[in-house]
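*Asks:* Each chain, letter by letter, is given below.
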Amino acid sequence: MSQESTSATLRIESRDNGSLRIVLTGDWIARSGLPTLDPVIQAVAAASGAVKALEFEADALGRWNSGLMTFVLKCWELCQQQGIGFRTETLPAGVAKLLQLSQAVPEKKDAVRAVTRTRWLQRLGESALATWEGGKGMLTFLGETVLALLKLMRGKAQFRWADVFLVMEECGPRALGIVALINFLIGLILAFVGATQLANFGAGIYTADLVAVATMREMGCIMTGIIICGRTGAAFAAQLGTMKVNQEIEAFETFGINPIEFLVLPRMIALILMMPLLVLFANLISIAGGFLVSTLMLQMTPALYLHRTVEAITLNSFLLGVVKGGYFGWVVALTGCLRGMQCGTNAAAVGLATTSAVVTGITTIIASDGLFAVICTILHI
Amino acid sequence: MTGPSAKPKIEIRDLTMAFGSFVVMRDINVDILPAEIFIIMGGSGCGKSTLLRHMIGLKAPAQGEIFYDGEAFWHATEERRREQLRAFGVLFQSGALWSSMTLAENVSLPLAEYTDLPAADIRDIARLKLALVGLKGFEDYYPAEISGGMCKRAGLARALALDPDILFFDEPSAGLDPISSRNLDELILQLRDSLGATFVVVTHELQSIFAIADNSVFLDTHTRTMRAQGNPRELLKHSPDPLVREFLTRGAPAPSEPATTGV
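These protein sequence lines are chains W and Y, in that order. Note that the numbering used here numbers the first sequence so that position 298 is 298, with each residue one more than the last. Note that the numbering used here numbers the second sequence so that position 195 is 1195, with each residue one more than the last.
These aren't lab readings, by the way, just hints derived from the structure by calculation. Be aware that one or more of the hints could be misleading.
[To be verified] Over 10 Å on every C-beta distance to chain W, these chain Y residues come out as not near it, computed from the model:
| # | residue |
| --- | --- |
| 1 | E1113 |
| 2 | R1123 |
| 3 | L1206 |
| 4 | T1223 |
| 5 | E1246 |
[Unchecked claim] Computed beta-carbon distance windows for the label pairs:
| # | chain 1 | residue 1 | chain 2 | residue 2 | range |
| --- | --- | --- | --- | --- | --- |
| 6 | W | I378 | Y | E1113 | 45 to 51 Å |
| 7 | W | W161 | Y | Y1142 | 17 to 23 Å |
| 8 | Y | D1177 | W | S14 | 56 to 62 Å |
[As the list claims (entries may be wrong)] Only some residues are given here: those of chain Y computed to face chain W with a beta carbon under 8 Å:
| # | residue |
| --- | --- |
| 9 | I1056 |
| 10 | A1060 |
| 11 | F1067 |
| 12 | W1074 |
| 13 | H1075 |
| 14 | R1082 |
| 15 | R1086 |
| 16 | F1088 |
| 17 | V1090 |
| 18 | S1094 |
| 19 | A1096 |
| 20 | P1110 |
| 21 | L1111 |
| 22 | I1179 |
These numbers were taken from a predicted model, which means no experiment stands behind them. Where a beta carbon is used, it is the ideal one built from N, C-alpha and C, also for glycine.
Working from the sequences, and respecting the hints, build out all of it.
*Replies:* In structure tokens form, the structure reads like this:
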């Protein structure tokens, strides 16, 4: 089969008995540049109804595969349409057999997917309904987790503290590196931006205040929330989604073990406990970043910078960051587990669940942080 | 074994299964006796597994009821249904072992949840159950580290954990080579004889059906209901329904004595 392949050609001959003979030569191997059906259609049309049958001559036909088959099938369909005969005797035996096989089961007309065009109003309605259903699903899940938490408090939940510690280790200490790196850079950036802008007013000394306040109140918890959402929230969705695909969740249910209590609750508690600690760590690292920039590049004395930082930090802003951290931990666990539990039962669905968990998580974090900002302004916190 | 006059272990009454408005099967009425190996058979996609999912509490029926030992399953409170579930063991198609736990932990978890046994005893029971299915020495392996057939057997060990009254199998021979499949059939027979449990098996593997079945129901996609009930060997010989005979003979026209009945 290693010989150079010859190009496929076709010639059309009219025969005395009213049939059209298609002479096939060369190798009909599926690739671009095979002859099309057009000459046959033209020949049939040119004869204007005089053609009684199509036949083939395959004496000079070389190798063939699906390339020839699709051509023959199209010829056959043409004959069906035009009501002309179709002779397969002179085709290679394999081609005739395959043709027969392809026609053995009639086309299931209603199985072919119709491309339905929907009106924009219908699409709007459908997406509104889907959003409504999604909201309901989220609320149901929220309710289930609250019930599970209440059961835990009464000591009745199917729940193992060992699982909590396992998740805590996974989402806490193992995330320290990335949390440190990102927050250090955020501290650097805040210091640079602050210093250049404040220097215009001769207030460069307040760079320390800016870094401390921005980190404590906002950046520390938001950046950590986003990192943990992308890291741990996605992992939760993928774990639970894969368990769903694998029927592991159903296996829990058939043992009468509530998957919300057994799988979701430990993840949620672990993140709610771990996030405030991570935020504390993030705040420290971010301030260290600001400190480094200010003292090494902006000629502030270390003592002055530290003094300003301590002055700027209030108990309120410190607590605000930590509380928001715990809240974001809950948001990440909730969205990650929700999307995991909602996952469909195939591999593509796990990918969708993971994506959706991260998108929902980050959106909720940023949106609710805005809400926190408004509330804090009103309450003068 | 229990006589024919014994009270049925499982009764399915006028069961209709539906996804939304799409009815999969209707009017299913089945009695399953204690210690019986009961086969749910039928063509691919006819709703065999769906019926199983109804029986193990994963999907609520659109209509009808399932009774276990005369007690309603779906009309009971969720709390009570969970208690009833504890008397079941389920082997899923792919085993569905909890992938984050070792085999021993998989078998131990239900024991730890529902018994007050000390950890050492639980470990012993887990070892015993794994030994029963031929997985001695694999206690500390994770599901990903063993073959598909072993996963299935480990799944069976887990299903046996709470010494269930009723064992459900979803396509036990799917994805197994003929010998492993036959070994699993033998294991099912031995377990039935020694534990006295009732077995409900979803399968369309003819050799398995003839090897293990005491009783069966045949579900049909076209009429969307049960088509026949009885011992498959009897059905093969005497069923008036050509479709059932066709299924049991693998589409061969004239049914003769099956070669696989000699078990």
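*Asks:* Hint by hint, say whether it matches the structure.
*Replies:* Going through the hints against the structure:
no.	hint	result
1	E1113	violated (6 Å)
2	R1123	holds (15 Å)
3	L1206	holds (24 Å)
4	T1223	holds (20 Å)
5	E1246	holds (18 Å)
6	W:I378 with Y:E1113: 45 to 51 Å	holds (48 Å)
7	W:W161 with Y:Y1142: 17 to 23 Å	holds (22 Å)
8	Y:D1177 with W:S14: 56 to 62 Å	holds (59 Å)
9	I1056	holds (5 Å)
10	A1060	violated (13 Å)
11	F1067	violated (18 Å)
12	W1074	violated (14 Å)
13	H1075	violated (17 Å)
14	R1082	holds (4 Å)
15	R1086	holds (5 Å)
16	F1088	holds (6 Å)
17	V1090	holds (4 Å)
18	S1094	holds (7 Å)
19	A1096	holds (4 Å)
20	P1110	holds (5 Å)
21	L1111	violated (10 Å)
22	I1179	violated (25 Å)
Checked against the numbered hints above, the structure violates hints 1, 10, 11, 12, 13, 21, 22; every other hint is satisfied.
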